[in-house]
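S.K.: First to last, the protein sequences are chains D and U. Numbered according to my numbering, the first sequence spans residues 53 to 488. Numbered according to my numbering, the second sequence spans residues 53 to 488.
By construction, these hints were calculated from the structure, which means they are not laboratory data. The beta carbon of each residue, even a glycine, is placed where N, CA and C say it ideally should be. Some hints could be false.
[What the hints assert, rightly or not] Some chain U residues close to chain D (C-beta under 8 Å, calculated; not the full set):
id: 1; residue: Ser-61
id: 2; residue: Ile-62
id: 3; residue: Gln-74
id: 4; residue: Ile-75
id: 5; residue: Arg-90
id: 6; residue: Gly-171
id: 7; residue: Leu-208
id: 8; residue: Gly-209
id: 9; residue: Phe-210
id: 10; residue: Glu-212
id: 11; residue: Thr-366
id: 12; residue: Gln-368
id: 13; residue: Leu-447
[As the list claims (entries may be wrong)] Using 30 Å as the maximum straight-line C-alpha spacing, the simulated DSSO-like pairs for lysine-lysine come out as follows:
id: 14; chain 1: D; residue 1: Lys-413; chain 2: D; residue 2: Lys-369
id: 15; chain 1: D; residue 1: Lys-423; chain 2: U; residue 2: Lys-390
id: 16; chain 1: D; residue 1: Lys-434; chain 2: U; residue 2: Lys-367
id: 17; chain 1: D; residue 1: Lys-188; chain 2: U; residue 2: Lys-440
id: 18; chain 1: U; residue 1: Lys-117; chain 2: D; residue 2: Lys-117
id: 19; chain 1: D; residue 1: Lys-367; chain 2: U; residue 2: Lys-167
id: 20; chain 1: U; residue 1: Lys-369; chain 2: U; residue 2: Lys-216
id: 21; chain 1: D; residue 1: Lys-401; chain 2: D; residue 2: Lys-413
id: 22; chain 1: U; residue 1: Lys-59; chain 2: D; residue 2: Lys-413
id: 23; chain 1: D; residue 1: Lys-390; chain 2: D; residue 2: Lys-471
id: 24; chain 1: D; residue 1: Lys-59; chain 2: U; residue 2: Lys-110
id: 25; chain 1: D; residue 1: Lys-258; chain 2: D; residue 2: Lys-244
id: 26; chain 1: U; residue 1: Lys-206; chain 2: U; residue 2: Lys-258
id: 27; chain 1: D; residue 1: Lys-440; chain 2: U; residue 2: Lys-423
id: 28; chain 1: D; residue 1: Lys-206; chain 2: U; residue 2: Lys-413
id: 29; chain 1: U; residue 1: Lys-59; chain 2: D; residue 2: Lys-124
id: 30; chain 1: D; residue 1: Lys-59; chain 2: U; residue 2: Lys-423
id: 31; chain 1: D; residue 1: Lys-188; chain 2: U; residue 2: Lys-401
id: 32; chain 1: U; residue 1: Lys-423; chain 2: D; residue 2: Lys-124
id: 33; chain 1: U; residue 1: Lys-188; chain 2: U; residue 2: Lys-247
id: 34; chain 1: D; residue 1: Lys-390; chain 2: U; residue 2: Lys-423
id: 35; chain 1: U; residue 1: Lys-255; chain 2: U; residue 2: Lys-206
id: 36; chain 1: U; residue 1: Lys-117; chain 2: D; residue 2: Lys-369
id: 37; chain 1: U; residue 1: Lys-167; chain 2: U; residue 2: Lys-288
id: 38; chain 1: D; residue 1: Lys-110; chain 2: U; residue 2: Lys-59
id: 39; chain 1: D; residue 1: Lys-103; chain 2: U; residue 2: Lys-277
id: 40; chain 1: U; residue 1: Lys-488; chain 2: D; residue 2: Lys-423
Protein chains: 2
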Amino acid sequence: MSKNIIKPSILAGFMELTPPDQILFNRMMDTIRENYERFGFLPIDTPVIEKAEILLAKGGGETEKQIYRFQKGDTDLALRFDLTVPLARYVAQHYSELTFPFRRYHIGKVYRGEKAQRGRFREFYQCDIDIIGNGKLDIINDAEIPSVIYSTFKDLGFDEFTIKINNRKVLKGFFQYLGIEDSQEVLRSIDKLEKIGQEGVIKELKEQGLEEKVIDEIINFINIKGSNLEIIERLKALNINNEIFNMGVEELELVNRYVGLFGVPEENFSIDLTIARGLDYYTGTVYETFLDNYPDIGSICSGGRYDDLAGFYTKQKLPGVGISIGLTRLFYQLTEAKLIKSEDQSLIKVIIIPMGDYLEKSVETASILRKNGINTQVYLEKAKVGKKFTFADKLGIPYVIIIGEEEVEKNFYTLRDMKTGEQELLTLEEVLNILK
Amino acid sequence: MSKNIIKPSILAGFMELTPPDQILFNRMMDTIRENYERFGFLPIDTPVIEKAEILLAKGGGETEKQIYRFQKGDTDLALRFDLTVPLARYVAQHYSELTFPFRRYHIGKVYRGEKAQRGRFREFYQCDIDIIGNGKLDIINDAEIPSVIYSTFKDLGFDEFTIKINNRKVLKGFFQYLGIEDSQEVLRSIDKLEKIGQEGVIKELKEQGLEEKVIDEIINFINIKGSNLEIIERLKALNINNEIFNMGVEELELVNRYVGLFGVPEENFSIDLTIARGLDYYTGTVYETFLDNYPDIGSICSGGRYDDLAGFYTKQKLPGVGISIGLTRLFYQLTEAKLIKSEDQSLIKVIIIPMGDYLEKSVETASILRKNGINTQVYLEKAKVGKKFTFADKLGIPYVIIIGEEEVEKNFYTLRDMKTGEQELLTLEEVLNILK
Chain D
53 MSKNIIKPSI
63 LAGFMELTPP
73 DQILFNRMMD
83 TIRENYERFG
93 FLPIDTPVIE
103 KAEILLAKGG
113 GETEKQIYRF
123 QKGDTDLALR
133 FDLTVPLARY
143 VAQHYSELTF
153 PFRRYHIGKV
163 YRGEKAQRGR
173 FREFYQCDID
183 IIGNGKLDII
193 NDAEIPSVIY
203 STFKDLGFDE
213 FTIKINNRKV
223 LKGFFQYLGI
233 EDSQEVLRSI
243 DKLEKIGQEG
253 VIKELKEQGL
263 EEKVIDEIIN
273 FINIKGSNLE
283 IIERLKALNI
293 NNEIFNMGVE
303 ELELVNRYVG
313 LFGVPEENFS
323 IDLTIARGLD
333 YYTGTVYETF
343 LDNYPDIGSI
353 CSGGRYDDLA
363 GFYTKQKLPG
373 VGISIGLTRL
383 FYQLTEAKLI
393 KSEDQSLIKV
403 IIIPMGDYLE
413 KSVETASILR
423 KNGINTQVYL
433 EKAKVGKKFT
443 FADKLGIPYV
453 IIIGEEEVEK
463 NFYTLRDMKT
473 GEQELLTLEE
483 VLNILK
Chain U
53 MSKNIIKPSI
63 LAGFMELTPP
73 DQILFNRMMD
83 TIRENYERFG
93 FLPIDTPVIE
103 KAEILLAKGG
113 GETEKQIYRF
123 QKGDTDLALR
133 FDLTVPLARY
143 VAQHYSELTF
153 PFRRYHIGKV
163 YRGEKAQRGR
173 FREFYQCDID
183 IIGNGKLDII
193 NDAEIPSVIY
203 STFKDLGFDE
213 FTIKINNRKV
223 LKGFFQYLGI
233 EDSQEVLRSI
243 DKLEKIGQEG
253 VIKELKEQGL
263 EEKVIDEIIN
273 FINIKGSNLE
283 IIERLKALNI
293 NNEIFNMGVE
303 ELELVNRYVG
313 LFGVPEENFS
323 IDLTIARGLD
333 YYTGTVYETF
343 LDNYPDIGSI
353 CSGGRYDDLA
363 GFYTKQKLPG
373 VGISIGLTRL
383 FYQLTEAKLI
393 KSEDQSLIKV
403 IIIPMGDYLE
413 KSVETASILR
423 KNGINTQVYL
433 EKAKVGKKFT
443 FADKLGIPYV
453 IIIGEEEVEK
463 NFYTLRDMKT
473 GEQELLTLEE
483 VLNILK
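Let the hints inform the model, and build the full structure from the sequences given.
M.R.: Dropping the structure here:
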């Protein structure tokens, strides 16, 4: 009976890993989750499929084009394209069941039908935290967020990274003071500084019809550099009589002071007035995080403060602050940059290899090891000894227990360290001590 | 500015939990994952969206009707409806990169557009393990699977449950011996025994045109009860001269012997000749698991042995054995039966409550606790003391640290046990010792 074989493949733009890489990926996800929990964030999980009218409440061109949307029966459905819109819907829907300030983390897959290109994914994990206030949310929360970022990336194994922050109020107030009406447009240009350079920004600002004098002031402003305290002093020294500007500087000053108390070293944290974040809904503090030696990777963790999380779903005013790590993209980029590799990443601690017919003792031993919390496998197939060891080797399992005639007679276990090749005849207790 | 508010809601048939329940749910998922890893299974993660032609290679009525399928551009897409078809595609696609026998676990969401009804979900988590052989896979693997089930449900907190096994070869050989041509149809009737009773099965078998004498033999057969060894002896005593039957009895005997060695107590494991499993692709051992005191919940973990995992995608013969836990449905049923509740399930170990202006010391303390791996929150909002304690209480946080004038002056910490209400003035070291 011959039948048609369909070539097994997945869609372009979807990441699928072999187990050694998957183990690494999961380990990163676990580290992120542990950190989020250490800072008091609680888990939520929302449906991947939601009503299209809910997900598209905000509308907007790019989103609408990229979203996976379809009918099932009479229902207009869509796959979530981020974890923020579901959060807004969740908080509005469960408002009376939640305790505010509501700290939630959410790690899950989101979907964007983007053009397929290298390093861009249509399905990817986002790892988000947000703190949502009921009516108001103290600015000090904005200072805690960098400590979550710091702790997380430290635990992920990074040392040289910088959390850059800014405050949209500083920018907004400054532009108001300059008499610029559409500050959003100017912000979008400034946000591109890294990509298009200072000349590019100037060109865009000219196209927006700004006077040369105003452009000069903008360029001078975004060139304010120095230590965090110096930047704050220079902002104050501008003596700008604008309420929003001064509120922004005050927030920036307070956040800067508390970030240190929250345990973030100065070398990992800096104020950068060119950080604006493209998204319109940020209204205060904004964050971006960069690997110092790999600027090309771009921001690996971004977010900010917003005034109104869920205005489309509730009349409650729900301000918040949060960040997101795009784990799938980050993993891809770290792999490409050879910053992570899957060596020595076996989840299996030991494999028991039975010699000849000594399977029963092997099985019983596995059972004991597992009861002691040791990840254990038994080689159960009939095969030559060499093949059994090759198996252990291929999976990178660090220890092998050999059980044969001698071991069964003497009630001992031969433990081989696969790295050094050393073998010892040990009692069960000794084996447990080494493997635990 | 008033705008339209869209009522926040999710689709029928989707589960969404508040954080206390989500914590419980995640804890169950973690327990399952830890157990799967303890038995040497490796993680994989496949796309939720796949090519429709891949997912529907097998076809079949119910699947086709329930699947979420849609177009994006020119591509015919579908959401996975189980984790088995993606596994088949995965193993066929990555064949040359995998080490066989390939043990994988996969915990992920699957989608079925079923009729919405109580306790049925359109999005649900499956937690699967499978062992895939390259060409062949020793029968002893079938004996290890119940030990994974046993260990997992023990760790989930269950004591009184029974893993029931049978072997499709025993049934198939028996029906061959009786001269029944369409044994699949008979199997499907037997599988309904629990639901429709013995009379119901007899009625169905009559409708299938079986002679009364044959029906009697079938009913006698499925009424073979006793200890596992007794059942095997009675099967042997039937003296049926059929190769498939005898192979099945031999497999059952071997599996029964090794299940004990793998650490499963006799009271949690029994041979049941009425277990057939509806799915056609099982060819040997089949498993179902029941809570002894809650038979209405049905099987909470099922699976079996199959000869040909991926025949639609590869010419390689890939036999395997596996099981699946439908976690979303299980969680729902356990909650309904009040077998789990979300008391005392705080992820946050301690909340620091600053008195008056002693926020700086509070923030620094939080930072120290977190560095010691303690899940810590600080109450950062300006609020009356009573409100701060209410917050701690609502979230079920077991400990509160109070930091005020006295504590700062003396460099001590007031630790309150929220359960007993007891308060102590402690040093940082003492606090760390209690909370760790």
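S.K.: Checking each numbered hint in turn, tell me which of them this model violates, lowest number first.
M.R.: Violated hints: 6, 7, 8, 9, 10, 12, 14, 19, 22, 26, 27, 30, 32, 33, 35, 36, 37 and 39; rest satisfied.
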